[in-house]
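Following the hints, position chain L against chain X.
Protein chains: 2
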Amino acid sequence: MADSAAKRETDSDEPDDLSLKVKRPKSDNENGRGLGAKDSEPKNILSGFSTSKVLSDSAREKNIFVHGKLADQEAVIILEKTPIREDTLAELLSGSTLKLELKNDIYSTYRLQAPSHLNEIKTTVVCPATEKHVKKYQRQESSLVEETGEDYQSITLPYIQKQSFSVQWVFNILEKKAEADRIVYEDPDPKVGFVLLPDFKWDQKQVDDLYLIAIVHPREIKSLRDLTSEHLPLLQNIFVKGKEAILQRYNLPASKLRVYLHYQPSYYHLHVHFTKLGYEAPGCGVERAHLLADVIQNIQSDSQYYKTRTLYFPLRADDGLLSKFKEAGRL
Amino acid sequence: MADSAAKRETDSDEPDDLSLKVKRPKSDNENGRGLGAKDSEPKNILSGFSTSKVLSDSAREKNIFVHGKLADQEAVIILEKTPIREDTLAELLSGSTLKLELKNDIYSTYRLQAPSHLNEIKTTVVCPATEKHVKKYQRQESSLVEETGEDYQSITLPYIQKQSFSVQWVFNILEKKAEADRIVYEDPDPKVGFVLLPDFKWDQKQVDDLYLIAIVHPREIKSLRDLTSEHLPLLQNIFVKGKEAILQRYNLPASKLRVYLHYQPSYYHLHVHFTKLGYEAPGCGVERAHLLADVIQNIQSDSQYYKTRTLYFPLRADDGLLSKFKEAGRL
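Chain order of the listed sequences is X and L. For the first sequence, the UniProt record's numbering assigns the number 1 to the initial residue and increments by one for each residue that follows. For the second sequence, the UniProt record's numbering assigns the number 1 to the initial residue and increments by one for each residue that follows.
Next up, chain X with everything else stripped away, as it sits in the complex (with noise of 0.2 Å):
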């Protein structure tokens, strides 16, 4: 299980992905059960914490992830705003002082200065964090990287090979020896065969950010690269019985479905993702995320077509194959 965790974790490209990182926190009822003393305890530890470096922030999704000493400790701290909440609306909007900024016609703008408890900051400190800590948190820039098919076969299938990556957590799964209880559904047919669960970035509350993964029976398929007339069976398979699947359980149509696979995926063991329309999941850009209706139509009209066509997509700068795609002077 942790070694599944761990594999997925490096599906997401975002370092603040810290859902999968960290224990979620309690929700308000259960707060302070034998922590009550310290929930109350006035000391701020965090006012002796001094800035080495902000490591990165988004100012679209209110966060910040800062690295630093408390008390001679290195240390991680991860800001982040919690989201507007309906049911406090009312005692927020006239609970709270308003700033005039700006008036023009029927549009004005005004910010707007909440009562403390009603607008908290979530906040995680890793301490002590380690080096790993640090370079996890890091934003790291992506490189596109242009691979041919010849490309493939010099460079990315040995540095693949190389690396052994194992898939044991897969073959777990497809064995039943772990994770049973969180099939969704299952064709056991070893050819065109694959078994749908939801994904570890899915917690299956709501179907706003619904997140399955289907994981096929065959074991020989590593990715897109594979893929050829022959696999267009187990292909269609998936398409046809994935969406029927998550239409019964979770009642949600085909239409409200983006249905792709990733190049380069994180594991290379054929899996494909199904996402809801309208969540915008981490990889389900254009640069990384292939439909699947499109990879069908495309071996339909050429067997060879990814066998042979140029393909492209992002690598962090940490990642092993850029610099053989460096190395390769491919970059």
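Which copy? The list can't say, so a pair holds if one copy fits it or any two copies do.
Keeping only pairs whose Cα atoms sit at most 25 Å apart, straight-line, the calculated DSS-like set for lysine-lysine is:
no., residue 1, residue 2
1, Lys162, Lys324
2, Lys122, Lys103
3, Lys103, Lys135
4, Lys243, Lys326
5, Lys177, Lys191
6, Lys162, Lys136
7, Lys103, Lys69
8, Lys201, Lys103
9, Lys205, Lys53
10, Lys162, Lys307
11, Lys99, Lys69
12, Lys241, Lys326
Because the hints were derived from the structure by calculation, they are not lab data.
For chain L alone, coordinates are given in the frame of chain X:
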């Protein structure tokens, strides 16, 4: 200009793309100029607001759009938490109250209650608001549409022609009658030339969210669907010279760029999007974006690729084209 802004506005699927809809609030040091009296006024006009409906919200972006009444007038209120600023970080950490939530090994999480002036909420009021405002801010579900080459001829093309969407604002740019001072680069050739200029969504203050548009000089190409091998010189010219111009002007190499077309586009005069890799620009998802490099490759191997291929794209529930697909029994 107003027309141009309005057209481009539809480029975004996000109801919360506020920067296009109201004038930007003044920065802190400009604030209060001429409004000083109001700025210090203690009265909170929003305390009398009564909520009718939450139109949309985003837990990720920490905003909420609310329809209601303000002193008997229809109003829309938009609240959005402000980004966490590096320059006030020390004050924020030392001046706040911390409530411990959870401690597990090296990880701990807190709720941080900050001084309200360090943790403001940007508030926009539209009052009186019309039906149209309410509709604009209402979250719209999208559906994925499957358009065959025949569907394009029988459903989409007649719809586009009947609507006769004006692209006069595009011609104004190409003829230097508008926005001439915003042009970053131009190749004036009537067959393979184009104008490159910043998208309205980009404030040009940082390259992190760089967003430029190349608008082609030829006037008869509506979209991806019209492209054949005869357009390869045009597409290659945009790809090469657009990237060169961005390197020259913004010092951003081609490997940091995502270059793509939209289908459906928001206006039917061929244009190409250049955005920074890593910036999740609205509309860069696999369901709407097509990498220019892929488009070129596909046309090279089959001149009729985009005339004959089934294309998939999302349409909002209130899109007239969606009704046409429904009427035709294609959804």
